[in-house]
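Asker: Sequence:
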Amino acid sequence: MRICSGLRQLTAVAMLMLAGGAFAQCRDSVVLVHGNTGSPSDFNNTVSELQRRGYAASQIHRPAWGSRSCAACNDHYGSEEAPVLDAMIEAIAGSCTGRVDVIGHSMGVTLAGRVIKRNGLRGYVQSFVGVAGAVRGLWSCGSWPYNVWTSTCGSWGLSVGNPFLNDLYGTRFADRVHSIKSWSDQIVCSTGVCTVGGVHSSSIWGENSSTTYALAHYSLLTQTAARQVDLIQ
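Residue numbers (the UniProt record's numbering): 1 to 233.
In short, the hints are calculated from the structure, not lab data. Don't take every hint at face value.
Per label pair, the in silico range of CB-to-CB distance [stated by the list, open to error]: (1) 222 to 71: 14 to 22 Å; (2) 117 to 94: 40 to 48 Å; (3) 77 to 48: 29 to 37 Å.
Quick list of in silico lysine to aspartate or glutamate cross-link-like pairs, EDC-like style, CA-CA up to 20 Å [to be verified]: (4) 117 to 230; (5) 117 to 175; (6) 117 to 90; (7) 117 to 49; (8) 117 to 86; (9) 117 to 81.
Every residue gets a Cβ at the ideal spot worked out from N, C-alpha and C, and that includes glycine.
Generate coordinates for the entire structure from the input sequences, incorporating the hints supplied.
Answerer: Right, here's the structure in full:
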């Protein structure tokens, strides 16, 4: 576990400062995790909305992870995890509440969930919003272990029923969990089927809410910024 040894002390100090009224507006830091071959700039609309509502730049963390040129090369293990974990630790340490809110898009949803579970960060996450995720897998990646040829669809990827997703299933990522989904999502629903086991693959088990839009995969991120921020308030 890579949580820095001073993290709990930093959290305690932040809470004491809050109790003493040192912060006029104390709120969770926010971690925004982009999708496969994406970039931090994918969240520009979300960042603008956060800043419009009074968030400082120092409260917003946007890790860059994975290859931007090889979609088939990225998975949820190893080098992809490190930038997200580092951002989470930095966000928690700098949060005046000692807690964070996480918004992920596409493969960033499952990657953020993996980092939270593996590193014992659940207690630090207040809200988790999954936008156009495939937490139950992608039929375009096949059904494990058949017809799985790439890292993105392998045992650490998004093939339906693979060991990684089976292990992630049922994990509670935050106090409040929400999903944003579409039946017109050309990635999650690329085969014409959006569901796995009768449930939309973007729906997260035990979620507090799920909002549906008639939008495409990337538009679900760029055109729902207000809803994303509403969900972490």
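Asker: Of all the hints given earlier, name the ones this structure violates by number, lowest first.
Answerer: Per hint list: 2, 4, 7 violated.
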